[in-house]
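Following the hints, position chain D against chain Z.
Number of protein chains: 2
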Amino acid sequence: MSARAGSGPALDFWYEFASTYSFLAAERIEMLAAEAGVAVRWRPFLLGPIFAAQGWSSSPFNLYPAKGRNMWRDFARQAARLGLRVVAPDPFPMNGLTAARIAAALDEAMRPSFSRAVYRAEFLDGRDISQRPNLAPLLRGLGHEPETVFALAASEAVKSRLRAETELAQSLGLYGAPSFVCADGELFWGNDRLEDALAWANGERWALEP
Amino acid sequence: MSARAGSGPALDFWYEFASTYSFLAAERIEMLAAEAGVAVRWRPFLLGPIFAAQGWSSSPFNLYPAKGRNMWRDFARQAARLGLRVVAPDPFPMNGLTAARIAAALDEAMRPSFSRAVYRAEFLDGRDISQRPNLAPLLRGLGHEPETVFALAASEAVKSRLRAETELAQSLGLYGAPSFVCADGELFWGNDRLEDALAWANGERWALEP
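Heads up: the protein sequence lines correspond to chains Z and D, in order. Here our numbering is used: the first residue of the first sequence is 1, the next is one more, and so on. Here our numbering is used: the first residue of the second sequence is 1001, the next is one more, and so on.
In isolation and in its complexed conformation, chain Z is listed as follows (with noise of 0.2 Å):
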């Protein structure tokens, strides 16, 4: 149900393309995973359904402005302080499913540089990360046929298995993006929890009660 079980510190990472703190999150992980001696899961979800499922017809940082607002702001400053210039895409919240079912699509170990491709593209250059003909150049780039990946994106196979994974999110008590999963289900929520998941998953417990 979780991360890799028997083989070490492991940790899931949740996050939808449509998520600015995702992108920081991905930016970090893999520095900080290799640091922490812990393996990382890619995991991509939909937000989308369980935002629905609350109520919300779109990003809390469309509906609630104010803090959408200081939502920008703050993703300036967090991506200035690892030498980032962020854009806000436009559309906001960019359609992350083709690059969600496509993430699902491809080998885990070929999620990881396809999945930051994306996010760059859509955070950096502020392009429109839900057009195949804007995701085919990043495929290209890391030695995928994008023909050939968007055929197997588009199958049943992979639409219920992206289905799946968003709906064992919910279930697992996900309510945004990123969201960090420990073996023993811990869950952290957010880019600013990504250290104390890695601990979590080396073992760290603070003085936490049980």
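Since no wrong hints were added, every one of them can be taken at face value.
From the derived model, a few chain D residues whose C-beta atoms are all more than 12 Å from chain Z:
1) Glu1030
2) Ala1036
3) Gly1048
4) Pro1112
5) Ser1113
6) Ala1121
7) Gly1126
8) His1144
9) Ala1183
Which stretches of chain D does chain Z cover? Using the computed rule of at least three CB atoms under 8 Å from a CB of chain Z, they are:
10) 1065-1074
11) 1077-1084
12) 1191-1198
Partner residues aside, some chain D positions facing chain Z, computed with beta carbon under 10 Å:
13) Gln1054
14) Gln1170
15) Gly1176
16) Ser1179
17) Glu1186
18) Leu1208
Hint data in this document are derived by calculation from the structure and do not stem from the laboratory. Even glycine gets a Cβ: it sits at the ideal position worked out from N, Cα and C.
Relative to the frame of chain Z, chain D by itself:
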């Protein structure tokens, strides 16, 4: 409008007595601000009217159960990192109106110790901080005469001061607590951003574009 002008770096700390993460910020801010050489102004306000204005009848942690469940767990983890064992007040959110009026009524120099005492009673001891009999010992312990303070806190002058502070908070773009506002109006939301806010108050801009 914002923190003390003309006398070195300063930061406004906006807090709400019902807010779990405001408690954690209240526990952390004095040591961190002292280390950073930043003067802190404690500014109690009410989230209720701001939430109501965006259509929320309660805390988002009640309205969105998955978010609420993870908040309580995260709150316990973050508190444990500070060596604190927290409880969930019942009911949640606590009505912090009386405590906020008292904080607004006290001299600025007396506000931090009173506010910390209220938070500790609420989140460590599970006491109902909406009740004067529970606030009186806290005031007495800090050398105040409770009845005098209660009378002052119930005055029209203090009531309207707190109302004006809440309206100011909303006009500054606040939508949650804790929030930190620098002298130039830069807004940081959440206990997780305290360190960044202090750095900003000290002139740090990372590589952020103008």
